[in-house]
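J.: Below, each chain spelled out in residue letters.
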Amino acid sequence: GENVEQHPSTLSVQEGDSAVIKCTYSDSASNYFPWYKQELGKGPQLIIDIRSNVGEKKDQRIAVTLNKTAKHFSLHITETQPEDSAVYFCAASIPNTGNQFYFGTGTSLTVIP
Amino acid sequence: NAGVTQTPKFRVLKTGQSMTLLCAQDMNHEYMYWYRQDPGMGLRLIHYSVGEGTTAKGEVPDGYNVSRLKKQNFLLGLESAAPSQTSVYFCASTRTGYEQYFGPGTRLTVT
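Taken in order, these protein sequences are the chains called A and B. Residue numbers for the first sequence follow this note's numbering, beginning at 1 and rising by one. Residue numbers for the second sequence follow this note's numbering, beginning at 1 and rising by one.
The following block holds chain B by itself, in its conformation from the complex (with noise of 0.2 Å):
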């Protein structure tokens, strides 16, 4: 098993621009999550999902969307790039809404 996988691993942004964040995993996990890791803050909740086709809010979710169109994938998307959102975003995947595991994340640097 590949377990949480994320795409791309780094990527700069322009003030303004638009990208997409891949989550995959092969654990047929139905909870998924999209958090932001930025210095002395520790791990903030964006969105989540409970399954396929549902999503939902979670502490910092402005600016941000998300889609869980297939079981296995969880996609956040940033329309309109801010330099607020340089971080680094984490994607989680749980069976059953308890152990949480973690892909290696994404660094987003926005310019």
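Bound conformation, chain A alone (with noise of 0.2 Å):
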């Protein structure tokens, strides 16, 4: 099966400065790649996402970025604010299998006043 690896665990980042979480994957099939938004005590909300046809997506302050060739794909976020903590997860998605996503072990985001 498809294994999505999410670095780093832990991010910390002055308010105002960027944001940037990685992800690789490994199985070169997989060709939707969301990220998720948790708060705590809540469920995954699905933040942006980006297909294997597009190489970068942005949505005001939040981009990402799709390398087909080395397997990974970031998570950019600009401008960060206190509302932006939370934990961060990457997916990869495999068609023909249901869809079946594959998450990564998910970073927690500080952002500092």
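Honestly, the hints are just simulated from the structure, not real lab data. Heads up, a few of these hints could be off.
Unchecked claim - Quick list of in silico lysine-lysine cross-link-like pairs, BS3-like style, CA-CA up to 25 Å: (1) A:71 to A:42; (2) A:22 to A:42; (3) A:42 to A:68; (4) A:42 to B:9; (5) A:37 to B:9; (6) A:68 to A:58.
As the list claims (entries may be wrong) - Simulated restraints on C-beta separations: (7) A:57 to B:19: 39 to 49 Å; (8) B:19 to A:18: 42 to 52 Å; (9) B:30 to A:57: 16 to 26 Å; (10) B:61 to A:72: 21 to 31 Å; (11) B:8 to A:18: 33 to 43 Å; (12) B:70 to A:41: 21 to 31 Å; (13) A:10 to B:99: 20 to 30 Å; (14) A:95 to B:17: 30 to 40 Å; (15) B:111 to A:16: 38 to 48 Å; (16) B:17 to A:16: 48 to 58 Å; (17) A:53 to B:28: 20 to 30 Å; (18) B:28 to A:42: 22 to 32 Å.
Each residue gets a CB set at the ideal place from its N, CA and C atoms; glycine is no exception.
Once you've looked at the hints, go ahead and assemble the two chains, each given alone in its own frame, into the complex.
T.: Dropping the structure here:
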């Protein structure tokens, strides 16, 4: 099956700085790469996603980049705010398998005011 | 829309007891999933369904069973609970197999 690795496991940044979280995947058949934000006591919430036919996608302060050759994708958050503090998960999905999702182990992001 | 709801929110079981977790979605989604979340391990897929009447095994299916008799509901059963099944369980659904919507979770403790 697919193996998704995520780094770092914890990340602290000053408010206003940028944060970058990186993930790698093992199965070249994966074609969909979502990022989720999970706040304490809640379920994960999709914040941005990218499909394998696109190299970069941006939505206001967040962006995701994908390098299919190297099998890695990254989440970039600019101008961080305290409300960005949460756990972030990356995932990879393989088509024609019921679109099974394989998740990274999460990054706990703390934005220091 | 209520989105994805899960029942119950919390539960404590003794080893060997059985229970059923209910997931319901009102978005007419085809795909539904059950995950467990353990500290430091992310979310791991237990079982999933690609439509009413279908189910399939995920990464960690042992000790669990599922049923999807109605499109809007996906049930997760534990026949004989074990302490290793102490976890937070999340249900998710998606219309196309891409954008997943998650429920609020069920925190299960097995003593």
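J.: For each hint, tell me whether it holds in the structure or not.
T.: Here is how each hint holds up against the structure:
Restraint check for residue 71 of chain A and residue 42 of chain A: not satisfied, since their Cα atoms lie roughly 30 Å apart, outside the 25 Å limit. A distance of roughly 23 Å separates the Cα atoms of residue 22 of chain A and residue 42 of chain A; the hinted pair therefore holds under the 25 Å criterion. With a C-alpha separation of about 31 Å, the suggested pair residue 42 of chain A and residue 68 of chain A falls outside the 25 Å cut-off, and the hint is violated. Proximity of residue 42 of chain A to residue 9 of chain B is assessed by CA-CA distance (about 11 Å); at most 25 Å being required, the pair is judged to hold.
Restraint check for residue 37 of chain A and residue 9 of chain B: satisfied, since their Cα atoms lie roughly 20 Å apart, inside the 25 Å limit. Distance check on the hinted pair: residue 68 of chain A and residue 58 of chain A sit about 18 Å apart at the alpha-carbon level, within 25 Å; holds. For residue 57 of chain A paired with residue 19 of chain B, a C-beta distance near 41 Å keeps the hint of 39 to 49 Å intact. Taking 42 to 52 Å as the suggested C-beta distance range, the pair residue 19 of chain B and residue 18 of chain A conforms, at roughly 45 Å.
The given range of 16 to 26 Å is respected by residue 30 of chain B and residue 57 of chain A, whose C-beta atoms sit roughly 25 Å from each other. Between residue 61 of chain B and residue 72 of chain A, the C-beta spacing of about 29 Å keeps the proposed range 21 to 31 Å intact. For residue 8 of chain B paired with residue 18 of chain A, a C-beta distance near 40 Å keeps the hint of 33 to 43 Å intact. With their beta carbons about 28 Å apart, residue 70 of chain B and residue 41 of chain A fall inside the hinted range of 21 to 31 Å.
Restraint check, residue 10 of chain A to residue 99 of chain B: a C-beta distance of roughly 27 Å satisfies the suggested window 20 to 30 Å. In this structure the hint that residue 95 of chain A and residue 17 of chain B lie 30 to 40 Å apart at CB holds, the actual value being about 38 Å. In this structure the supplied range 38 to 48 Å holds for residue 111 of chain B paired with residue 16 of chain A, their Cβ-Cβ distance being about 46 Å. About 51 Å separates the C-beta atoms of residue 17 of chain B and residue 16 of chain A, a value consistent with the hinted range of 48 to 58 Å.
At roughly 27 Å, the beta-carbon separation of residue 53 of chain A and residue 28 of chain B lies within the given 20 to 30 Å, and the hint holds. In this structure, residue 28 of chain B and residue 42 of chain A meet the distance hint of 22 to 32 Å, their C-beta atoms being roughly 23 Å apart.
Against the hints set out earlier in the document, violations occur for numbers 1 and 3.
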